[in-house]
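Chemist: Just so it is clear: in the sequence shown, position 72 is 71 by numbering that gives the first Met the number 0, and no numbers are missing.
If you're looking for bench data, these hints aren't it; they were derived computationally from the structure.
Keep in mind the model is a prediction, meaning the values are calculated, not measured.
Certain hints may be false.
To be verified - Ranges between beta-carbon positions, derived for each pair:
| id | residue 1 | residue 2 | range |
| --- | --- | --- | --- |
| 1 | E332 | T209 | 28 to 36 Å |
| 2 | A169 | E332 | 18 to 26 Å |
| 3 | R398 | S298 | 36 to 44 Å |
| 4 | G309 | A160 | 28 to 36 Å |
| 5 | S225 | Q257 | 31 to 39 Å |
Glycine residues also receive a C-beta, built at the ideal position from the N, C-alpha and C atoms.
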Amino acid sequence: MSAIDDGGAGQGWLVRLSRFLRARAEERATEPTDVPSSNTVSTPPEIVLLDAVVSGMPDPVAVLDQDGRVIAFNPQAAALAPALRRGEPASIALRMPELVEAIRAANLTGKAQRIEFSARLPSPRWSEAFVAPIALSAGHGPGRAGVVVITVHDLTPIRRADDMRADFVANVSHELRTPLAAITGFIDTLQGPARDDPNARARFLGIMQTQAWRMARLIDDLLSLSRIEQRAHMRPETPVDLVAIVRQVADGLQTLAQDRDMKVEITAPSTPLVVLGDRDELTRLFENLIENGLKYGASGKRIDIACAAGNTPGGKGEAVVSVRDYGPGIAAEHLPRLTERFYRVDVGESRAQGGTGLGLALVKHILNRHQGRLTIDSKEGEGATFTVRLQSSALPLPR
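Whenever a hint applies, use it, and build me the whole structure from the sequences.
Modeler: In structure tokens form, the structure reads like this:
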């Protein structure tokens, strides 16, 4: 624990703070335990300055005297421990045994302490606390710290990111392992019992081709997601026409529509809907949305695509494209999680349709890069509508 010498030119206010704290301690020592502390020692400007300093800290900060009583704390600390009161023991307000023990250890040893702790309500949160004893003069030492400064840092975003990363790796491993195991199994069969069976060989090769295609598509989606995330901070600046992109994508999916005995009906203005965008990424976005509508909509029916000009709540122009299917719909509890990676409403159905579980995650990240929005409306038995909103641009389309 470092000591701050009384003679330091820039440390005079700390010395005066030290004297104030000693006076407060001596005053409390001479008072009966059942009598509240008096205010015979007025609050010096040093305490006012300390309040100003801790209030400017972004993380929760509290300063305690050598007896563990609260001297100052900022609003963030008050939010973490609402029972904090100036002049009262911090141990009363802190319902975290690990933190109380760290304060005691810092006072006794004169060494800074670092701990991690968690709270489970109302939702899991993780934090780390640094407890630093500071000697305000050479007369202080281990067991006689001038003040103890507590700072708390929220680890929740880091922990959640770690959990998401672990889940992502586990999901990728599983999604690759499944088709790889199927291919390996069929190779073994073709080398053994089915070696001389042309019918079995043709059937197994077809299945292997499907599984290989599934792996290739998963890898392609993962690489696309990685590229989009790397460029997330760079908003595209090229004018593109959303109507032309939507029509091109719909034409490219006509074979799938015919296989599903479905029609794709497009309603769009005769003039372009111009936005600033990456044409390839927006093509991928609408491919995913329209293909989902064809795969999960009701066979024999149609999907409706509506392109229109609109306005944001702030009055700015925007291009709006909605894709509506007439399938079984999506239960309300699934809607908030549809854009999570590898989240599926029906795992078996998704895999049967060749889905990778990354389609809507790609849509979300593409829209984030374009500063757009996605809304999903659905009721069970009534189909689903996916609506994309992008800010309009007045720039001319490139020739």
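Chemist: Each hint needs a verdict: does it hold in this structure or not?
Modeler: Verification of the hints:
no., hint, result
1, E332 <-> T209: 28 to 36 Å, "32 Å, holds"
2, A169 <-> E332: 18 to 26 Å, "23 Å, holds"
3, R398 <-> S298: 36 to 44 Å, "42 Å, holds"
4, G309 <-> A160: 28 to 36 Å, "35 Å, holds"
5, S225 <-> Q257: 31 to 39 Å, "34 Å, holds"
Violation of the numbered hints given earlier is absent; every hint is satisfied by the structure.
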